[in-house]
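As given, the protein sequences belong to chains C and L, one line each in that order. Residue 995, in my numbering, is where the first sequence stops; the numbers in between run on with no holes. Residue 338, in my numbering, is where the second sequence stops; the numbers in between run on with no holes.
No lab work stands behind these hints: they were computed from the structure. There are no misleading hints in this set.
Straight-line C-alpha distance at most 27 Å; calculated DSS-like pairs for lysine-lysine:
no.: 1; chain 1: L; residue 1: K333; chain 2: L; residue 2: K272
no.: 2; chain 1: L; residue 1: K270; chain 2: C; residue 2: K980
no.: 3; chain 1: L; residue 1: K324; chain 2: L; residue 2: K252
no.: 4; chain 1: L; residue 1: K216; chain 2: L; residue 2: K252
no.: 5; chain 1: L; residue 1: K271; chain 2: L; residue 2: K333
no.: 6; chain 1: L; residue 1: K223; chain 2: C; residue 2: K980
no.: 7; chain 1: C; residue 1: K980; chain 2: L; residue 2: K271
no.: 8; chain 1: L; residue 1: K270; chain 2: L; residue 2: K333
no.: 9; chain 1: L; residue 1: K272; chain 2: C; residue 2: K980
Pulled a few chain C residues facing chain L out of the computed Cβ check, cut under 7 Å:
no.: 10; residue: W968
no.: 11; residue: S975
no.: 12; residue: D989
no.: 13; residue: A992
What follows is a list of derived Cβ distance ranges for each label pair:
no.: 14; chain 1: L; residue 1: P326; chain 2: C; residue 2: R970; range: 41 to 47 Å
no.: 15; chain 1: C; residue 1: R970; chain 2: L; residue 2: V228; range: 19 to 25 Å
no.: 16; chain 1: C; residue 1: A993; chain 2: L; residue 2: N253; range: 17 to 23 Å
no.: 17; chain 1: C; residue 1: P994; chain 2: L; residue 2: D310; range: 48 to 54 Å
no.: 18; chain 1: C; residue 1: P994; chain 2: L; residue 2: H309; range: 47 to 53 Å
no.: 19; chain 1: C; residue 1: K980; chain 2: L; residue 2: E217; range: 21 to 27 Å
no.: 20; chain 1: C; residue 1: S977; chain 2: L; residue 2: A319; range: 43 to 49 Å
no.: 21; chain 1: C; residue 1: A993; chain 2: L; residue 2: D275; range: 31 to 37 Å
no.: 22; chain 1: L; residue 1: W229; chain 2: C; residue 2: G965; range: 22 to 28 Å
no.: 23; chain 1: C; residue 1: P994; chain 2: L; residue 2: T312; range: 52 to 58 Å
no.: 24; chain 1: L; residue 1: Y249; chain 2: C; residue 2: R970; range: 17 to 23 Å
no.: 25; chain 1: L; residue 1: Q322; chain 2: C; residue 2: K980; range: 39 to 45 Å
No experiment lies behind these values; they were computed from the predicted model shown. Here a beta-carbon is modelled for each residue, glycine too, at the ideal position from N, C-alpha and C.
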Amino acid sequence: MGVSWSRDVDQSLSEAKEQGRPLLLDFSAAPA
Amino acid sequence: MPVEAHIKEHPAWFKRFDAVWTPTVLLLDSDGRERVRLEGYLLKNDFDAWLRCGLGRLAFMKKKFTDAEPWYDEVATRFADSHFGAEATYWRGVARYSATHDHTVLAPLAAELQEKYPGSVWSEKAIPWG
Chain C
964 MGVSWSRDVD QSLSEAKEQG RPLLLDFSAA PA
Chain L
209 MPVEAHIKEH PAWFKRFDAV WTPTVLLLDS DGRERVRLEG YLLKNDFDAW LRCGLGRLAF
269 MKKKFTDAEP WYDEVATRFA DSHFGAEATY WRGVARYSAT HDHTVLAPLA AELQEKYPGS
329 VWSEKAIPWG
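Just chain L, same shape as in the assembly (with noise of 0.2 Å):
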């Protein structure tokens, strides 16, 4: 469900949200409450490789992890060049594990994230999973 607001029509909704620069794009859950900030312009592809790993966190905090790791897989397969490839890699194994309690996902994991996003924060976050 999208909502616009401009700063010259909406400005007090820019203070209620605290949104302090423009672009700036959130993803709320059904609840209002705020899940993911975008803060900046993204170009088209990672605009939806970012739309996409939120509605994975909106899934996962809401713990529907089987239903979060397909949006994290779409973009780890079909955006895995994005910027958001490596995030929603590390995202997709934590959601598998959250579903499955099997532990044995994450050192495969750790190993493809070292493998395809070396230099990655995600990578690096996985560390202790190898």
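Isolated chain C, as found in the complex (with noise of 0.2 Å):
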């Protein structure tokens, strides 16, 4: 199953707090 991956970290925390659900935040460096 694919992971679908957000690039709005802002709306995430929005929604996030709307949905009382918690937030997994991914640095990466790695090549496209």
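Fit chain to chain and form the complex, with the hints in mind.
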């Protein structure tokens, strides 16, 4: 099952608060 | 809710969240508070265990001890041989104690840690309970 990654931290923080869900934030420098 | 931040696309986020190395993975609670930080790479099995411990931590920090315990229990059993088996065993016991205030759970926990993870820092942390 694939993971649907967001690329907007502020929107995700807002949604996490609204939905009462945790947020996983992955900082990467890996080549695309 | 997963969010990806690449150093070339979002350098400001690195500064905002004090990410000084990659990979860095943060678990934030629903209020945006950082609760767990992982710096450096882990193999999938260990990452899965770390993530479950982190979800346990999120529940624990909200004082939802009975929600935290199953996360730690899963790591302590299914991921017992991972790098997080000892930590999960420790926190599973702490979550149980915190939920019940039954101090008799602590001595067996210390013994279990000594038996399964004799060289672990988590066994050492449990010494006072033995």
